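Protein chains in written order, with my numbering: chain A, 24 to 134; chain B, 9 to 122.
Treat the hints as calculated values from the structure; they're not laboratory data. All figures in this text were calculated on a predicted structure; none of them were measured in a lab. All C-beta atoms in this analysis are idealised placements derived from N, C-alpha and C, irrespective of residue type, glycine included. All the pointers check out, no bait thrown in.
Partner residues aside, some chain A positions facing chain B, computed with beta carbon under 7 Å: (1) Q56; (2) E64; (3) G65; (4) P66; (5) T71; (6) L111; (7) S115; (8) L122; (9) F124; (10) K126; (11) G127.
With a Cα cut of at most 20 Å, we get these calculated EDC-like pairs of lysine to aspartate or glutamate: (12) B:K49 to A:E61; (13) B:K17 to A:E64; (14) B:K46 to A:E64; (15) B:K48 to A:E28; (16) A:K93 to B:E110; (17) B:K49 to B:E92; (18) A:K80 to A:E40; (19) B:K44 to B:E92; (20) B:K44 to A:E61; (21) B:K61 to B:E75; (22) B:K26 to B:E75; (23) B:K61 to B:E32; (24) B:K48 to A:E64; (25) B:K30 to B:E75; (26) A:K82 to A:E38; (27) B:K30 to B:E52; (28) B:K27 to B:D93; (29) B:K49 to A:D106; (30) B:K49 to A:E64; (31) B:K48 to B:E92; (32) B:K30 to B:E11; (33) A:K126 to B:E52; (34) A:K80 to A:D94; (35) B:K48 to A:D106; (36) A:K79 to A:D94; (37) B:K17 to A:E61; (38) B:K48 to A:E61; (39) A:K126 to B:E66; (40) A:K126 to B:E110.
These are the residues of each chain, in order.
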Amino acid sequence: TQLLEQSPQFLSIQEGENLTVYCNSSSVFSSLQWYRQEPGEGPVLLVTVVTGGEVKKLKRLTFQFGDARKDSSLHITAAQPGDTGLYLCLGSGGGADGLTFGKGTHLIIQP
Amino acid sequence: DTEVTQTPKHLVMGMTNKKSLKCEQHMGHRAMYWYKQKAKKPPELMFVYSYEKLSINESVPSRFSPECPNSSLLNLHLHALQPEDSALYLCASSQDGRGSTEAFFGQGTRLTVV
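Here chain A stands alone, though its shape is the one from the complex:
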């Protein structure tokens, strides 16, 4: 099973601050997805990145896929309390395992 290392695992910041979450692996992925999950609910897909070096923006969220397709980052600008949740990266196409989750980042945005 490929490993996706996600950091930080926990982050608590004030509303209005910026933050970056990282997802790293030694494996090459065909694509990588970012999800946000609220307690007791299923993960909700935010974005899929496919091409090395790709950058995608979703309002205040910016996602980047590394040139070698082994790592990705999620940057949130001017974080808001509604951004609170568990952020998960999921790599696919890395091998026979199919889908590999990172350990997740628990994000708390305090008003």
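Please build the complex by placing chain B on the supplied structure of chain A, with the hints as guidance.
What follows is chain B alone, placed relative to chain A:
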């Protein structure tokens, strides 16, 4: 339609009960997954079905028995569970089990074993 539907949303069962979790998708996806998620942890892969055949079983105890009756449905049969099996069970689907493909998740079944 990117919906994966799981039923029931909540389930409480005794250790001697037999119950089933159900998952359905109509996106034409040919890979379906069961994950188990404990509080404050990421989802852990249990089973993968690819083209209705079990392709991955992550050493899951036999008290969990998956079934894929057709390309749209995935069941998880539960029997003689333990309290430590209480968790959120997530179903997901993707176009196939490999390659550049997005996974979509259901809302989960919150299982409590008493």
